[in-house]
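Peer 1: Sequence:
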Amino acid sequence: MTQLAFLIAPMHGHVNPTLPVARELVARGHRVIYWLTAQFRDAVAATGAEFREIRTPPPDPRLPADTDPLVTLALIPARLAAAAVEVLPGVLDGVRELGPDTVVVYDQLCVWGRLVAEVAGVPAAMLCTTYASNEHFSFLTGPHGRTVPRIPAAMEVFDGDLGRLAAPILFDVDEVSVHDPGGDRPRVTFTDAGGTARTLVCDVVAGCDGFHGVSRTAFPPGALRTYRREYPFAWLGILARTPPSHHELIYAYSDRGFALHSMRSPEITRLYLQVPAGERIEDWPDDRIWDELAVRLAVDGFDLRSGPVLEKGLTSVRSVVTEPMRYGRLLLAGDAAHIVPPTGAKGMNLAVADALDLSRALVPFLSGRSTELLDGYSDRRLHRVWRAEHFSWWMTSMLHRFPDDDPFERRLQLAQLRYTVSSVAAATSLAENSTWACRTTSPEAGPRQGTTRRDSGAEPGRTVRSPRAPSGREASTATPGRARRTRRRSGSPEAARLRRERR
Numbered sequence: 001m002t003q004l005a006f007l008i009a010p011m012h013g014h015v016n017p018t019l020p021v022a023r024e025l026v027a028r029g030h031r032v033i034y035w036l037t038a039q040f041r042d043a044v045a046a047t048g049a050e051f052r053e054i055r056t057p058p059p060d061p062r063l064p065a066d067t068d069p070l071v072t073l074a075l076i077p078a079r080l081a082a083a084a085v086e087v088l089p090g091v092l093d094g095v096r097e098l099g100p101d102t103v104v105v106y107d108q109l110c111v112w113g114r115l116v117a118e119v120a121g122v123p124a125a126m127l128c129t130t131y132a133s134n135e136h137f138s139f140l141t142g143p144h145g146r147t148v149p150r151i152p153a154a155m156e157v158f159d160g161d162l163g164r165l166a167a168p169i170l171f172d173v174d175e176v177s178v179h180d181p182g183g184d185r186p187r188v189t190f191t192d193a194g195g196t197a198r199t200l201v202c203d204v205v206a207g208c209d210g211f212h213g214v215s216r217t218a219f220p221p222g223a224l225r226t227y228r229r230e231y232p233f234a235w236l237g238i239l240a241r242t243p244p245s246h247h248e249l250i251y252a253y254s255d256r257g258f259a260l261h262s263m264r265s266p267e268i269t270r271l272y273l274q275v276p277a278g279e280r281i282e283d284w285p286d287d288r289i290w291d292e293l294a295v296r297l298a299v300d301g302f303d304l305r306s307g308p309v310l311e312k313g314l315t316s317v318r319s320v321v322t323e324p325m326r327y328g329r330l331l332l333a334g335d336a337a338h339i340v341p342p343t344g345a346k347g348m349n350l351a352v353a354d355a356l357d358l359s360r361a362l363v364p365f366l367s368g369r370s371t372e373l374l375d376g377y378s379d380r381r382l383h384r385v386w387r388a389e390h391f392s393w394w395m396t397s398m399l400h401r402f403p404d405d406d407p408f409e410r411r412l413q414l415a416q417l418r419y420t421v422s423s424v425a426a427a428t429s430l431a432e433n434s435t436w437a438c439r440t441t442s443p444e445a446g447p448r449q450g451t452t453r454r455d456s457g458a459e460p461g462r463t464v465r466s467p468r469a470p471s472g473r474e475a476s477t478a479t480p481g482r483a484r485r486t487r488r489r490s491g492s493p494e495a496a497r498l499r500r501e502r503r
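Read left to right, the sequence shown gives residues 1 to 503 (full-length UniProt numbering).
The hints are simulated quantities; they were obtained by calculation from the structure and are not laboratory data.
This structure is a prediction, so every number in the text was calculated from the model and none was measured.
Even glycine gets a Cβ: it sits at the ideal position worked out from N, Cα and C.
Mixed in with the good hints there might be a few duds.
Unchecked claim - Below, in silico cross-link-like pairs of lysine to any residue (SDA-like), each with a Cα-Cα straight-line distance of 20 Å or less:
| # | residue 1 | residue 2 |
| --- | --- | --- |
| 1 | K312 | L373 |
| 2 | K312 | D286 |
| 3 | K312 | I289 |
Claimed, not checked - Restraint-style ranges between C-beta atoms, simulated for each label pair:
| # | residue 1 | residue 2 | range |
| --- | --- | --- | --- |
| 4 | D286 | R52 | 54 to 62 Å |
| 5 | M348 | V173 | 41 to 49 Å |
| 6 | D101 | D303 | 56 to 64 Å |
| 7 | P168 | T428 | 23 to 31 Å |
Using the sequences provided together with the hints, build the complete structure.
Peer 2: This is how it looks when you write it as structure tokens:
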């Protein structure tokens with residue numbers, strides 16, 4: 001008989017989906033124990049599982065009564081984390097009492113579930129609750145397209161709650177430096193917001209301060225090698241108040257350059273254009289952007305919806321990898337160690353995966369049990385980083401126009417694009433790389449880390465569209481797991497010849 005400790009966020013949307021699972025486990029002879037607030041006692045008892053009560057977190061008195069509901073929603077993870085400080089000791093003792101034949105089952109919002117398992121030395125499994133989407137769960141806007149207000153009280157709550165977790169956030173610091181990263185007690189010196197010079201003596205320094213941060217520069221000369229590729233173009237991005245023109249993300253290749261259509265909410269659309277490197281945002285008024293998007297995304301049956309531009313910016317396109325990602329007690333994560341072209345949509349995923357891997361490695365290291373995971377951190381991460389770099393480079397090379405390309409190279413691009421959207425094998429490879437389903441383990445890379453990701457939110461799927469010039473086009477679409485052809489417009493000899501080639 002296995003004993004399963006269920007640690008679930010005390011909210012109906014998280015608890016209720018687990019109850020049938022618990023009922024089935026009990027029916028199969030397993031012992032299930034929930035740690036929840038009192039309101040769930042009867043529901044848990046009805047499954048045959050055991051119930052152990054934890055204190056209900058009170059409302060936060062620091063938030064004004066008229067706080068926007070979306071701000072309150074955004075604060076839920078921090079509030080749960082703060083409440084966990086009080087319940088962790090009792091839950092940890094209870095899990096330890098269950099013995100070694102215990103599995104911790106926690107959901108994705110129960111931020112302390114894995115920590116309990118790691119400290120107790122038992123295995124863990126994470127449950128991911130999915131929802132039917134509605135307007136109240138938009139990331140950027142609420143009902144009627146309201147933007148989420150950033151009120152000072154929200155910042156104070158985050159700061160205070162994380163402070164209770166022994167992880168205070170210090171804002172407005174200056175003159176930050178990392179010293180003696182190769183020693184047993186590295187130091188971080190800085191000047192705080194009040195102008196006082198301070199020193200933080202550390203067991204480990206996690207360099208999550210981005211490409212321009214101080215962590216990379218703290219490596220001694222010769223200890224770091226950087227691989228870099230700068231691309232001769234940038235992305236001009238806009239956030240527009242207009243419903244998405246399509247329910248899937250669209251990558252577009254055209255003779256005029258790359259374009260991308262994505263969605264942020266039912267009312268907000270994100271779009272990008274390839275522009276020359278060094279372009280000025282002032283040279284792109286709204287009308288010019290919409291006109292260029294209409295040309296590059298022009299395909300039969302596709303209607304580009306335009307609207308007010310809420311935000312506009314330029315993003316450089318480059319590839320950077322720093323090796324190794326560790327020197328002594330200083331470990332790099334995120335953009336401090338690697339940057340990928342945005343075409344592959346891997347930057348945030350890599351950063352989160354770094355943080356997850358590093359957190360799992362730090363628990364046994366700081367508890368004195370083992371240094372194995374920490375020692376292998378750099379090799380594990382670089383194995384996956386280079387896979388993501390290759391995929392992002394491949395997508396970028398296939399979909400963008402390069403200024404020195406000759407007609408031969410352009411035909412090679414089209415050949416690769418057509419193969420990708422028409423071949424099951426190629427579409428499968430695209431889907432595997434896009435969702436991390438192709439994760440492999442090599443002897444030098446160590447154990448696999450992280451979880452398989454399915455794109456969500458702004459990227460529920462990927463559609464590749466390959467419009468030709470505005471006159472006489474061919475367009476193809478491919479979504480991971482399937483390949484299909486859209487309608488094609490006749491009109492030019494070139495288009496007719498392309499159709500014959502496709503047959």
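Peer 1: Each of the hints needs a verdict: does it hold here or not?
Peer 2: So, going through the hints one by one against the coordinates:
1. K312 / L373: Distance ~42 Å between K312 and L373 Cα, so the pair is violated.
2. K312 / D286: Given that 20 Å is the threshold and the Cα spacing comes to 9 Å, the pair holds.
3. K312 / I289: Given that 20 Å is the threshold and the Cα spacing comes to 10 Å, the pair holds.
4. D286 / R52: 54 to 62 Å: Holds: the Cβ-Cβ distance is about 58 Å, inside 54 to 62 Å.
5. M348 / V173: 41 to 49 Å: Since the Cβ atoms of M348 and V173 sit about 24 Å apart, the hinted range of 41 to 49 Å is violated.
6. D101 / D303: 56 to 64 Å: Given a distance of about 59 Å, which is inside 56 to 64 Å, the answer is holds.
7. P168 / T428: 23 to 31 Å: violated, 47 Å
The structure shown violates the earlier hints numbered 1, 5, 7.
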